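Participant: Sequences and hints are given; from them, build the entire structure.
Line by line, the protein sequences give chains A and B.
Each number in this note's numbering corresponds to the 1-based position in the first sequence with 16 added.
Each number in this note's numbering corresponds to the 1-based position in the second sequence with 2 added.
If you're looking for bench data, these hints aren't it; they were derived computationally from the structure.
Just so you know, these numbers come straight off a predicted model, no measurement behind them.
Hints may contain errors.
[To be verified] From the derived model, a few chain A residues whose C-beta atoms are all more than 12 Å from chain B: (1) Arg261; (2) Leu341; (3) Ala416.
[Claimed, not checked] Derived Cβ-Cβ restraints for the label pairs, each shown as a range: (4) B:Leu303 <-> A:His437: 27 to 33 Å; (5) A:Val144 <-> B:Leu111: 53 to 59 Å; (6) B:Leu118 <-> A:Val158: 40 to 46 Å.
Note that the Cβ used here is the ideal one computed from N, Cα and C, for glycine as well.
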Amino acid sequence: MQIGSFDIATETLPGAAKAERCVVDFLGWLELAQAVAAADGHLVAIWGVDDRDRGRGFGVRVAYGLPEALLIAELPLASEPPVYPDLAATFPAADRMQRAMFDLLGLQPLGAEDDRAWLRHGAWPRDVYPLRRTTPVDTDHVMVPEVYPFVSVTGEGVHEIPVGPVHAGTIEPGHFRFSIIGERVLRLEEHLGYKHKGIEKRFEGLAIPDAARLAARVSGDSTVAYGWAFAMAVEAALDHRVRERAAWLRALALERERVANHLGDLGFIGNDAGLGFALAQFSRLRENWLRSNAALFGHRLAMDFVVPGGVAGDMEDQVERDMRLQARDVEVEVLHLRSLLDDHAGLQDRLRRCGVVTPELARRLGLTGLAGRASGVARDLRVQSPTAPYDRIGPRLCGATDGDVAARAAVRFDEIVESLHLIQRLLDTLPPREESTPLPDAKGHRFGVGRVEGWRGEVLVALELDEGAVRRVHPHDPSWQNWPVLEHAILGNIVPDFPLINKSFNLSYAGVDL
Amino acid sequence: MSPGDLFQQVLEVVIAVFIAPLLVGWVNQCRAWLQNRTGAGIWQPYQVLHKLFRKDAVVAHNASGLFRVTPYIVFASMVLAASLVPMLATALPFAAAADVIALVGLLALARVFMALAAMDVGTAFGSFGARREMLVAALAEPALLMVFFMPALIARSTSLGTIVEALAHRPFVLHPSLAFAAVAFVMVLLAENARIPIDNPTTHLELTMIHEAMILEYSGRHLALMEWAHALKLVIYSTIGIALFLPWGIAEAGDWPGLPLAVLAITLKLLAGGAALAVVESVSAKLRIFRAPEFLASAFLFAVLGVLTHLLLAGRA
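Facilitator: Here it is in C-alpha cells:
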C-alpha cells in the first residue's frame, strides 16, 4: 500500500469494510503515523491486545482512516514492561486512548507527555491491569480515591469551578473542571471514566450471539451502528456475505437511528437556549418516530435488530407505505420548524459564533463525524467508503465550515432531510426476500473489522475470534476524538454557554468509558 | 386604623400568600399549552410545596446560621412587601408605613440575604448564582425606581396607595409616559422574577442558572419557603404592575360593596397577565448573560423616557 511516498506491504482483509493490515516494528510505527498524517489520513482508534497465551506477548493496534481503505497496523511488544512509541505528538486524539490502554493493559507509551490515569479513578491498584488475560475477573478491589491532578491556571482573579460527575439534571456522569475569570472560560479540562464497567473484558469468551447483544449496548443511542459494526466484523472474520435485503434493512434502521438522534438533539439545543417550544416539537416528532421503530424493528431504538449474518425479523410489505408517508410528513414538519428556528433572532443570537471550532483546529485535533462535518472536515463513510447499500443509493455529504453551534445544528437539519430521502431510496430499491444462509463455523484464530458511519460519526469494531468464541473486541466510539475538541470549543466563551456547546456535540460517555 | 381596614389588610395578605403558587401553576400550564403539552396542572406548585414541607431539610456541615435563617427572612420580606401593594383595595393601614422606595428596599433586603446564603456554603454554583443575581439586580433596581417615579410624579406622592387612588380615580386619559413606564416595568418584572429571557425557571443546567443556582443547596422546608417566596414575588410584581397600569376595578377606602368586584377584577387581570407572561416566555430564547445589561439598560431608558415625557407634557396635561 502506498501512503504518500511511504510504501508498506499490507494484506487485504476480507469483509464489507475495505481494510488493509500490516505489521510494523518500533520505528515503522512512528514512520507510518507520520506518513498517514502527511497524507491527510486520520487516526480512528488505538487498542491493545494481550497475546501472551498465544506465545506472542503484548501488542498495540492502530487503525488509520485513509481515502482508499482502513489501515490497521500491528506492533508486537516484546519488551518487559511493554512500551511502544507515543502517537499523541502526531495525533493529539491518541492521548486519552493511550492512557486508557495503560490503565487497562499496562502498555506504556514512550515519550508521552501525559501519564495521568484516565479510567482507573483509584477503583483498582495502579499495578493491576484488568484487561490482561491473566487478571481474574472476579477480584474485588477496595476503592482508594485518587486526586486527579488537573492542570491549574493561575493569575489574578482566576478560579476553578468543578462540575459533575453528579449534575443537577439526569444526565450521564462526567467531571468538568473550568478555570474561569468572571464568566469567561480560560480552560476546561474533562475527566471521564465514571461509567467504566469493563465491557472489553466482558466480551472475552462470549459466544457470537451474546457478544452481538453486548456490542449493541456499548452506547445505547448508537445501538444500530454498533450492532452493524459488530456484525460486519463477524462477517469479515468468517468471510460471510449477508443477503442484500439484510443490508438494506440495516441501512433503514441506521438512517432511522440518525433521524431519531438528530431530532432529539435539535430539540435539546433549542431548550438549552431557553426555547422550550423547540424541545416540545422535536420531542413529539422523535417520540412518534421511535414508536414506529418499535412497530418496525420490535424495539424503539432497534436494539438487537442487526444480528451477525443478517437481521432479526423482516418488514411486512404494508408497513413500507407507512414508512414512506411518515418520512414525507416528518420532512415537511422539520423544514417548517427549521424555517421558524432560523428566523428566531433570539435563538440565532445564542447559536451563532458560539463554541467555534475552526476547520484548521478541527483538522489538527482530528475532529470527526457530525461535529467534524460542521467544521469543514468533509468526511462521511457512507459517501467516501460506502458499503452496500450506500454504494447504490448515493448519499450526499452534508457539511458546513463555520464550526459553531449553529453549524452543528444546520448539519443535523441537512442530515435529517438527507436521511429521509435515503429512506425513500432504500425503499425504492429494496431487494426481494431471500432465504438467509447461516453463519459458517469458525475454526482457529480469525480477525475482522467493521466500520459504520453512525449518527455521531465513525464507529469501529475490531474483533478477534478463537475457535468460534470471542477472544477480544475493541469497540471504538467517535466521541474519543471529539471529547478533547470540546475543551477547545469552549475557550473564550462564557460559562453559561457550555451546556449549549456541549449539547451541540452531544458526545457519548458510556461509549468511551467502556 | 379601623377594624374594617385591618380586615382588608389581612385579607389581602392572606390571599396573596395563598394564591402565589396558583399563579405560578397557571403560568406553567399556559406555557405547557403553548408548547402543545398537557402540562402538570395548575395545582402542581401546591403539591410540590406540600412534598417539600414534609421532607427533611438537609443542610451542609459548614453552613452557618445565616443559611438557616435566610428562608424565613426572605419569606417574611415577601409577605411584608405583599402587604404594601394594593391588590384589592387602596386603603391599606400598613401601606402608610412604607412607600415605593421602601418597597424596593424590602425586595433588595430579601435579595441580599439570598445572595449571602448562596455563598455561605461555599459551592461554586451558589457563588455563581449570587454573582449573576447581583449583576441583574444592580441594573434592575434603578430601572424599577425610575418606573415608580413616573406615576409618583403624576400622583405627587411616593405612597403606593395614594398613587393607585390617583390613577384609578382620574378619568381615562392616555398617558404616553405611563406606556413607557409599563414597558420598562414588564422588562424589570421578567428580570427580577428569573423568567426568560434573563433566566430560565425550568432549567436543570447548573451552569446557566441564576435564581436556581442560589437555592441549589436548599432542601425540605427551607426550599419550600424559598420557592413560595419566589412565587409570592411574582404575585407582588404582577399586582404592582396591575395597580399602576391597570388599576380599574380596585376598591377604594370604605368601598365595601366594591370588594367582590375587586376580587373578580384582580383574578381576571392576573389570569390575563399570567397568560401574557407565558406567551413572552414561549416565544423568546434566553439571552446570553452578557446581553442582560443591554436588556435592563433598555428598561432603564424606557423608564427615563417615561419621566421625561411626563415632564415635557406636564404643562399641557
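Participant: With reference to the structure, classify each hint as holding or not holding.
Facilitator: Hint by hint, here is what the structure shows:
1. Arg261: 39 Å, holds
2. Leu341: 21 Å, holds
3. Ala416: 21 Å, holds
4. B:Leu303 <-> A:His437: 27 to 33 Å: 50 Å, violated
5. A:Val144 <-> B:Leu111: 53 to 59 Å: Hint holds: Cβ distance 58 Å, inside 53 to 59 Å.
6. B:Leu118 <-> A:Val158: 40 to 46 Å: 41 Å, holds
In the structure shown, a violation is registered for the earlier hint numbered 4 alone.
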